[in-house]
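Protein chains: 4
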Amino acid sequence: MAGNTFGTIFRLTTFGESHGVAIGGVIDGCPAGLKIDLEAVQRDLDRRKPGQSSIVTQRKESDLVEFYSGVFEGTTTGTPIGFAIHNTNQKSKDYSHIKDSYRPSHADYVYDQKYGLRDYRGGGRSSARETASRVVAGSIAKQFLSGLSFNAYVSQVGDIALDKNYQDLKLEVTETNPVRCPDPDTADRMIEFIKAVRKEGDTVGGVISCVIGNVPVGLGEPVFDKLHAQLGKAMLSVNAVKGFEWHKQWDGHLFQGSF
Amino acid sequence: MAGNTFGTIFRLTTFGESHGVAIGGVIDGCPAGLKIDLEAVQRDLDRRKPGQSSIVTQRKESDLVEFYSGVFEGTTTGTPIGFAIHNTNQKSKDYSHIKDSYRPSHADYVYDQKYGLRDYRGGGRSSARETASRVVAGSIAKQFLSGLSFNAYVSQVGDIALDKNYQDLKLEVTETNPVRCPDPDTADRMIEFIKAVRKEGDTVGGVISCVIGNVPVGLGEPVFDKLHAQLGKAMLSVNAVKGFEWHKQWDGHLFQGSF
Amino acid sequence: MAGNTFGTIFRLTTFGESHGVAIGGVIDGCPAGLKIDLEAVQRDLDRRKPGQSSIVTQRKESDLVEFYSGVFEGTTTGTPIGFAIHNTNQKSKDYSHIKDSYRPSHADYVYDQKYGLRDYRGGGRSSARETASRVVAGSIAKQFLSGLSFNAYVSQVGDIALDKNYQDLKLEVTETNPVRCPDPDTADRMIEFIKAVRKEGDTVGGVISCVIGNVPVGLGEPVFDKLHAQLGKAMLSVNAVKGFEWHKQWDGHLFQGSF
Amino acid sequence: MAGNTFGTIFRLTTFGESHGVAIGGVIDGCPAGLKIDLEAVQRDLDRRKPGQSSIVTQRKESDLVEFYSGVFEGTTTGTPIGFAIHNTNQKSKDYSHIKDSYRPSHADYVYDQKYGLRDYRGGGRSSARETASRVVAGSIAKQFLSGLSFNAYVSQVGDIALDKNYQDLKLEVTETNPVRCPDPDTADRMIEFIKAVRKEGDTVGGVISCVIGNVPVGLGEPVFDKLHAQLGKAMLSVNAVKGFEWHKQWDGHLFQGSF
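Residue numbers (this note's numbering), protein chains in the order written: chain W, 1410 to 1668; chain F, 1410 to 1668; chain L, 1410 to 1668; chain R, 1410 to 1668.
Hints are supplied without guarantee of correctness; some may be wrong.
The list makes no distinction among identical chains, and a pair is therefore deemed to hold if it is satisfied within one copy or across any two copies.
[To be verified] Dumping the calculated PhoX-like pairs for lysine-lysine here, alpha-carbon to alpha-carbon at most 25 Å:
1) 1604 - 1551
2) 1651 - 1573
3) 1523 - 1444
4) 1651 - 1523
5) 1579 - 1523
6) 1523 - 1604
7) 1523 - 1551
8) 1444 - 1508
9) 1551 - 1657
10) 1657 - 1604
11) 1523 - 1657
12) 1458 - 1551
13) 1608 - 1444
14) 1458 - 1608
15) 1551 - 1508
16) 1608 - 1523
17) 1573 - 1657
Worth flagging that the hints you see were computed from the coordinates, not collected in a lab.
Please construct the entire structure, taking both the sequences and the accompanying hints into account.
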């Protein structure tokens, strides 16, 4: 109802504001008997962390996930996996001057109108920090879906677009540059462009593509809950995402989100 | 779970195959006390009907909706609205020759793999005929949301795209041409193009845009169930839709689906 | 949300008022490939029908179920099973004299308060006639659960209670008397008592017991959705039911509802 | 799906095993703007705590609830309320001798059969300790429902039953004796009986009654989600509860659970 749950069989419910005590969630429905690598979850969280390079936001977030339940001796038990990421920068600074100023293109005004009040110390619940909880659940889901392959990369920044099909890219080089584009030349051009935009105090949008391989025939449910409809909803619910496209090919699915 | 329900407060559950006895659904959660114009629902169904002009599929569907419950003396009672549309062309013809042939770009093969069998007399549950039930629910929802405005139109066919912003269009002329494009000149070009494509035995995709006016601030739920995420899921779950984009402007929301 | 859906994997959504066009529902999640005996469903509906003997309400209801979807060549297809039971006694008689009189111990007043209006021609949505839709879904569920046994019987009427454990009863004689008590002597006493109560223009409550055999270990879900909690909810939601008890034994489950 | 969520508008999802790091949950849908007394929540938790008197289990549980989100400056914000109760007695003792012994009348065997493994250090997820998370959510719900009154008390222990109607009881004395029976004489007899049973190394069941006052007309949803059906499900899902009864009276609702 209140928008903080995603999924049916494997279901994530999240909580937490950017300047509260902690963010976190509950994963209900993770199958029992899955040997789980909790350090891999932390590594995926580290990949999400802002401030890793000079071309992204310099905001610091140290995201250390603690697991509270659902895993026993390295194996999932079929019971819900509760987890929390404590916020480390809840400084007791004075926010009263921003209490009534709404940041443009943020949800501040909408929250005030909808709920009559908000945690004005930052983005609160509408902060993109919320996606850290999604990373935890997604990372565990990825371990369960070990037979499939997931390769996401940046395919466009502003007008600079990859002009190659994913089959012609070396997806394993995606992580070797800060913009995470698998084509080194295009990556360089994207980085230069972002730096120029930053210098002018501006930001720029782009496109992320994800290639999912070995998708079983019949995955998803018919009519309203088609796989691509569910994926589209998930992607469109991420802050700043403005579009979603999907293409089905014999050797993989390709999904794209623009922001 | 099984994919045939959409929505939470106003919730639609649908049933029906293209060649079964009837299609239909249940709308649960429609508020009580709504004066309802059931003939307007039928008119919206008539707009959906295939075979209305020479540029669309010539398949005939006569969709007459019957309401079974939830409306008393022209007013909704708060109880579920059950409805059915009987299929009139369930001919007893011999389908055995197509029993094992899968039509390309259809869900036939996927249904067989997922369920072990299917109603092979046509698209069955995967037929676009299923959207007739959505039209019934959408038409009633539109009557409830009478304070908002909804204007959908075709903004692109193949490479022929409207080059005007929606504010510069006369949206009231949308219904005056068979392609439903509010710009008469562009509409003519689209129609010519479709006719040429049809002559070659082919089909062509396009883009539908929808302008929603007077959207209340705070509509939708935060995080996973944002308004545009729910709309995106709804649109992406319609047969043949490949993409969804949204734009927020001070005087309306603009949503687009490409197919 | 609005109370007209039960279940998660096998999910029933119902609609219909006692004096509307039809009642019915949608069963979503019935597994594909189930050979289904639709006449057995009709027989179960016939067992529910009021007016079958002199000791029950003499109200006539002719419940003929029509299936609209989800079954092809006698087998379920995995798609939703839509069904309707048309109401045959929607007489156009004048109800205006009861428009504002609330029948005691009925939900008339509550519906008016909650929704601001109601279908005053009868119980409307709150009529026990609604259970006919449950019988349809339950009958299909029973066919799917053919490995389990279900034996329900009347174990108490007023103060006349069966003093035997279910293991000591011949459950197959339950259907041989109108009160459906598997002990002929107790059945006779119950029938005499009901006749006496009827003569005084009164009604009397009782207890129904149900023995479910061969329940698989681990059926149901832990914590909030335990099997007996879900069964209790289902039973308590039936009109006039006031209590629910469960007992687990090595050779079966015993569930009881009092009304 | 997986049983760890209760409710729709005000929805609780819980996690945690008796010997894991923490138990806790997420409350989604608590209305914004509720002035909340978090110390009152802790007091309700303290009331639940085992080991408070000589007539109950001597197991020690120190339940200190931490709130992670959803409350800002003493007021709910409409965002999910995350909370955790850390387990303090996760001793590193050797449990290997009980790894394969199933305690009678516990869910150990069922969990092993259902999931293929379990956290064998104690009841794990099936421990009654799980109800602490329900107390947190219930205590907050009670603050929201401040216009209603809730009075629960023990009305029967073994064969010793209160023979007074709730209108004839002083419900405010319930908390003055360890067995929580509002009639001092009956309370004394219950306590003596429990002590005698304890001496023999046995336990005894009983009945809890709850009187809810000022229930608004129309609370709950019709058909499957009737108020008493939802309450029945909630009560029946608590460990060891075997039955539920409800009675409606002009001056309050009375609900009973037997265990």
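Tested hints:
no.	hint	verdict
1	1604 - 1551	neither (33 Å within a copy, 47 Å between copies)
2	1651 - 1573	both (23 Å within a copy, 20 Å between copies)
3	1523 - 1444	between (43 Å within a copy, 17 Å between copies)
4	1651 - 1523	within (22 Å within a copy, 32 Å between copies)
5	1579 - 1523	neither (46 Å within a copy, 33 Å between copies)
6	1523 - 1604	neither (37 Å within a copy, 49 Å between copies)
7	1523 - 1551	between (35 Å within a copy, 22 Å between copies)
8	1444 - 1508	between (46 Å within a copy, 19 Å between copies)
9	1551 - 1657	within (20 Å within a copy, 33 Å between copies)
10	1657 - 1604	neither (35 Å within a copy, 28 Å between copies)
11	1523 - 1657	between (39 Å within a copy, 18 Å between copies)
12	1458 - 1551	within (19 Å within a copy, 39 Å between copies)
13	1608 - 1444	neither (47 Å within a copy, 46 Å between copies)
14	1458 - 1608	within (22 Å within a copy, 55 Å between copies)
15	1551 - 1508	neither (40 Å within a copy, 30 Å between copies)
16	1608 - 1523	neither (36 Å within a copy, 53 Å between copies)
17	1573 - 1657	within (17 Å within a copy, 31 Å between copies)
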